[in-house]
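Protein chains in written order, with my numbering: chain G, 1 to 236; chain D, 1 to 430.
No lab work stands behind these hints: they were computed from the structure.
Among the hints, erroneous ones may be present.
Pairwise CB distance ranges (calculated) [unchecked claim]:
hint, chain 1, residue 1, chain 2, residue 2, range
1, G, D178, D, L336, 45 to 51 Å
2, D, C135, G, D184, 22 to 28 Å
3, G, D49, D, S2, 23 to 29 Å
4, D, R228, G, P191, 32 to 38 Å
5, D, A391, G, S80, 43 to 49 Å
6, G, S5, D, P319, 37 to 43 Å
7, D, A4, G, S54, 20 to 26 Å
8, D, L374, G, M185, 38 to 44 Å
9, G, V79, D, R3, 15 to 21 Å
10, G, D184, D, I401, 42 to 48 Å
Values in this document were obtained by computation on a predicted structure and should not be read as measured data.
By construction, the Cβ of each residue, glycine as well, lies at the ideal position given by its N, Cα and C atoms.
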Amino acid sequence: MARLSGTGLIADDLYLMAHDDVTGRPFLQSRAVGLGLAGGLLAELMLLDKLRLSHGWVVTGDPGQPRDELGYCVLGLIVSERELHPVRDWLAFLARTAAADVAVRLERAGYLRQARLGRPRRGGRWVPADPDCAFAPLGRARSALEAAGAATAYATILAGLAVGSGLGPRLLPYGPPDSRRRLDMALEQLPPGLRELIAQTQAAVDSALLAHRVRASVPNDLASSQEKPMSRTQLT
Amino acid sequence: MSRALARDRLGAPAVLFFVLAGVAPLTVAAGVIPTAYQTTGLTAIPGAFLVVAAILAIFSVGYVAMTRYITNSGACYAFVARGHRLPGWGRRRPGRAGRLHVPAGRAVRSFGPGRRRRGRRAPGRACAWWAWALCAWAVITVLGLLRVDITGWVLGVLLTAEVTVILAETIAGFAAPAGGRLSFATLSPIGLTSGGFGVFGVLAVVAVLGFVGFEQAPVLAEEARHPRRTIPVATYVALGMIAIVYAGASWAMAVHNGDRRVVTAAAQQGPGLLFGLGGGALGQVAQLLFLTSLFAGALAFHNVVWRYMFALGRENVLPAALGRTGANNIPKTASLIQSATGLAVIVAYAASRQDPMTRLFFWLGTTGGFGIILLLTQTAVAVIAFFARDARGENAWRRLIAPGLAAVLLAGIIVLAIQHYATLLGVPPG
Numbered sequence: 001m002a003r004l005s006g007t008g009l010i011a012d013d014l015y016l017m018a019h020d021d022v023t024g025r026p027f028l029q030s031r032a033v034g035l036g037l038a039g040g041l042l043a044e045l046m047l048l049d050k051l052r053l054s055h056g057w058v059v060t061g062d063p064g065q066p067r068d069e070l071g072y073c074v075l076g077l078i079v080s081e082r083e084l085h086p087v088r089d090w091l092a093f094l095a096r097t098a099a100a101d102v103a104v105r106l107e108r109a110g111y112l113r114q115a116r117l118g119r120p121r122r123g124g125r126w127v128p129a130d131p132d133c134a135f136a137p138l139g140r141a142r143s144a145l146e147a148a149g150a151a152t153a154y155a156t157i158l159a160g161l162a163v164g165s166g167l168g169p170r171l172l173p174y175g176p177p178d179s180r181r182r183l184d185m186a187l188e189q190l191p192p193g194l195r196e197l198i199a200q201t202q203a204a205v206d207s208a209l210l211a212h213r214v215r216a217s218v219p220n221d222l223a224s225s226q227e228k229p230m231s232r233t234q235l236t
Numbered sequence: 001m002s003r004a005l006a007r008d009r010l011g012a013p014a015v016l017f018f019v020l021a022g023v024a025p026l027t028v029a030a031g032v033i034p035t036a037y038q039t040t041g042l043t044a045i046p047g048a049f050l051v052v053a054a055i056l057a058i059f060s061v062g063y064v065a066m067t068r069y070i071t072n073s074g075a076c077y078a079f080v081a082r083g084h085r086l087p088g089w090g091r092r093r094p095g096r097a098g099r100l101h102v103p104a105g106r107a108v109r110s111f112g113p114g115r116r117r118r119g120r121r122a123p124g125r126a127c128a129w130w131a132w133a134l135c136a137w138a139v140i141t142v143l144g145l146l147r148v149d150i151t152g153w154v155l156g157v158l159l160t161a162e163v164t165v166i167l168a169e170t171i172a173g174f175a176a177p178a179g180g181r182l183s184f185a186t187l188s189p190i191g192l193t194s195g196g197f198g199v200f201g202v203l204a205v206v207a208v209l210g211f212v213g214f215e216q217a218p219v220l221a222e223e224a225r226h227p228r229r230t231i232p233v234a235t236y237v238a239l240g241m242i243a244i245v246y247a248g249a250s251w252a253m254a255v256h257n258g259d260r261r262v263v264t265a266a267a268q269q270g271p272g273l274l275f276g277l278g279g280g281a282l283g284q285v286a287q288l289l290f291l292t293s294l295f296a297g298a299l300a301f302h303n304v305v306w307r308y309m310f311a312l313g314r315e316n317v318l319p320a321a322l323g324r325t326g327a328n329n330i331p332k333t334a335s336l337i338q339s340a341t342g343l344a345v346i347v348a349y350a351a352s353r354q355d356p357m358t359r360l361f362f363w364l365g366t367t368g369g370f371g372i373i374l375l376l377t378q379t380a381v382a383v384i385a386f387f388a389r390d391a392r393g394e395n396a397w398r399r400l401i402a403p404g405l406a407a408v409l410l411a412g413i414i415v416l417a418i419q420h421y422a423t424l425l426g427v428p429p430g
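Okay, chain D solo, but in the shape it has when bound (with noise of 0.2 Å):
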């Protein structure tokens, strides 16, 4: 029988590529990062990459610790609910997932900035960014409604393209620098600090923008073969591709454009920083896939929306409705909740008339970020408080101080950005 169980279930892989789907990395290297460096007018980005993979691989330690014991993990939420004992909270039913979550960051990655370019950059086409926002989202719409397996699907194929033209473009950069030599000073971790110490919480809040989605292995602890193997590497995994590429990335445009001028140039070009990289015919395959992808993140965004309410609504937090699926196991509910709250951001940002691309996305995103990192320290947290009760033969390192370190590190990025809550923004002091 567990032979036959494990061959149905899925390994490191499978979770792996699940995790990742939902991360969209096209549009953090060619939305994200940009618009980091010309908001924030630092230069220290692909270092800032490194040091928060770095702590959110320490927060990770405690929090697949715990996945093993909690096996209806329903993550972060389940975590936090059942470290602090919150009464009725992620205990009451036996192995049912419920995760809160602030998929704020991944809201706003997806849906302003780029339907507005999207309108401005398809060739031969002036329709107003709107008129894309809608399109996308009657498509999103539709099918979330249809199968959830489908989203699934869609969203692999589309993160194996995105993958494999970012480290093209990336890989192109690096071939051409500028000056003809290649320059390490953006990677330092020195230069995180060089424009005072609170500059570094400023961008590792950018930065975890970036990492948002690599804490879901958890949720597929049921479905894993191993869960006790195959759910670290996973997260492990997980954190150091997506490490790897961004940093890659936001080194590659640093490097090609001179560690100076690279600022100038993000505000100059945005998203074409990335696609000015490489060739021609690899620009315009880039660009076509900055339009997927920003489809792929709106989405994979639907669908954590849906997973979360469902999951909530399953556990009575959210309306008892919302945990209900309708014929063929479809959350019906959920789903076209998520559609209409879509909606309602578009028609609300095309009748006032704001610019998506800075009011929304880059503003709420950086709080997103922000609200993600209060998350991992609750978790963090809530990880060693669990630990406290029942050592359960876990030691020191995995139990204590790994979630104490992370959870001191990420508490100091709350605090240090706070005080510097108007450079994120990119505004002027006060």
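For reference, chain G alone in the conformation it holds in the complex (with noise of 0.2 Å):
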């Protein structure tokens, strides 16, 4: 069951980030959602080196699948491909599908229940099972914006994709007045590949705003997430 202490993913926790802890809506719009979370997804397999960037371009590190089934899904995705893609368009792909992926997976860890609430012809959304444990995250973010040095890569990492997805207003005033300074001193100290990663995340956040593109392509509310989640099935 859900506790304080969240499932150590990285896009799980940026889902708690940006979505109200106790009413489940989200801060943001639904393609920067989307994308941060991709940008979550593919940070969780580069931290375990599955994973790894090479001047913009995803390939893959150590054999083996992680333990996780999206994580899991989300590798078979990426070495099925025949060819080589930039991080960018697996970004663009995964933003698509990750809002929906992820809350599925939150579901099943007992952070996130199913809400029929609101207007009828509405899927219905997701809330948090216990406002608490989803308000968490949120501390652990704040912990890479204190003592400089000390910040875990963890804890960097989700900090830098929170704000670089638009969730600056919401965690930076938890930190100290120099907090943005501060993360990006903690993120100049994480490993290349990462941080080009917060970078791509945050600069295709930012053009989708720039192109006025702010709805997510496939609607991430309950209903569609029902109908189509990734799955094992979905590879084999």
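Build the complex from these two chains, which are given one at a time in their own frames, with help from the hints.
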């Protein structure tokens, strides 16, 4: 069941940060949520060294499968592509379904539940099972804004992706006055691949905004997520 | 994966729509063209639109060729930065669009003029122009802070209606030519030089104003389905459509009123020059749409400016605070600063009781058109510089001849316009 320490997966924590801890309403436009979570999913695999970034291209790293089912699916998709693709394309591709996929993963772990409230004909939405557990990721990301050099890579990536996808106004007020500078310093300490992933995620979110495309092409409410969750069966 | 991604991306029609939505055609057709006839006293305006379209098409050859290699394309700004290798500009961060541009043309196109007319023409209302301007300002400020995609949708709907009305008015104008016959004189390039060669520089600056926005397609390169094909197609089609609509409308005005009388008619009727082409009902609809078009112009301008401020804030060329988004991914700071600037302009002109039509609209408008030609020239030179380092397999026409020709032609326009700046502003020499 839901614990305050979380699932230990970046995309899960980012999802909870991007949605209200009580009502489950998103703080961001749907495309920004998707792109941020896509960055989170790739970052999870990069932290396990299953993936690497080489001059903007995604290449596979260590053989072997991650234990997490969604990570397994994402890695399977990347491995099964005949040609290499730039990280920008993978972000755009994963962003289409990332929110729905991560929501399903969080439901299985006990952090989200379905609520059929609101207007008829709408699918309803995901609400946090426990608001305290849903608020906890903010605290984990905040540790990247405090003592310089002491933050874990996990916290730094989480904070970097959150600010990159537009959650700055939500996260930064919890840190010290010069949070943004401290975060930049912490990001400098990350390996180059992860730094580039965060920069590319932010660039993708910005570019969607500049082109006025802020709504996800695949709606990520509950109804659609029940139709097409990514699963092992899709690959086999 | 590639197929799924392609479905998710923008095709040429969507890019074209995005480009044209920023152009506000009815404002130009009803506002700029009669003002241009009146202020410059020249009749070769339709020809000027065609010639300028041809020059811009030559410019576009190199411009879209460069788009293929700078996919983060911040269009002009990024191109100039990359072409001249400005340290740290445009190349610092991957995938970031940055643009520098002279939005004055559009600013002015939308702000002053019609607002005054809006006060004058709205039936039964006798408010001062600034009251209307402030209402529109308030709506735009709210829309700018609400949701960025709503503005795109609003602009699209208004654009479709505007183009339809201009075409209808144009056809109606041709159906009733003065003296019963169609005159091609105003279309002829010879007419451009009839009043001396400098006349062409003046007309070109005015005509370029109408095309501002055509260069926006590369902004969408990252979101386009096939950037190598979609962006050039959208750019050329946009150029062609703008040229046909404006040249057609201004030609119809000259045909309907007679070549000799069109200048005096423009002075008497103003935007009525366009609305007078059709019958009563069509004229009424067109007048109504002119009001929404001015609003759309202001909204499009607001959009463009926050985008520039946001993109440049991201690149740390402007203060970084401009490049940040607030709650729900809205670039709050950039949007609010633009609103504040608009308010300041309206208040300043209202307080000093100046005539926004000539003092703001046409003067700053032509100055803006002038700035845009400067920018385009610089971009053309940047394209040559960019390909001079590495031809990247492009042929000589695309990387050298066309941009070189465009740079020379645009620089020529600048020189001619400087020599005849008085005509441009409609004031006596000296």
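Hints, verified against the model:
1. D178/G / L336/D: 45 to 51 Å: Given a distance of about 23 Å, which is not inside 45 to 51 Å, the answer is violated.
2. C135/D / D184/G: 22 to 28 Å: 43 Å, violated
3. D49/G / S2/D: 23 to 29 Å: Since D49/G and S2/D have Cβ atoms about 26 Å apart, the given range 23 to 29 Å holds.
4. R228/D / P191/G: 32 to 38 Å: Given about 33 Å between the Cβ atoms, the range holds.
5. A391/D / S80/G: 43 to 49 Å: 37 Å, violated
6. S5/G / P319/D: 37 to 43 Å: Roughly 39 Å apart at Cβ, these two residues keep to the hinted range, so it holds.
7. A4/D / S54/G: 20 to 26 Å: Between A4/D and S54/G, where Cβ atoms are some 24 Å apart, the hint holds.
8. L374/D / M185/G: 38 to 44 Å: Between L374/D and M185/G, where Cβ atoms are some 40 Å apart, the hint holds.
9. V79/G / R3/D: 15 to 21 Å: 18 Å, holds
10. D184/G / I401/D: 42 to 48 Å: Given range 42 to 48 Å: holds, Cβ gap about 45 Å.
Comparing the model with each numbered hint stated earlier shows that hints 1, 2 and 5 do not hold.
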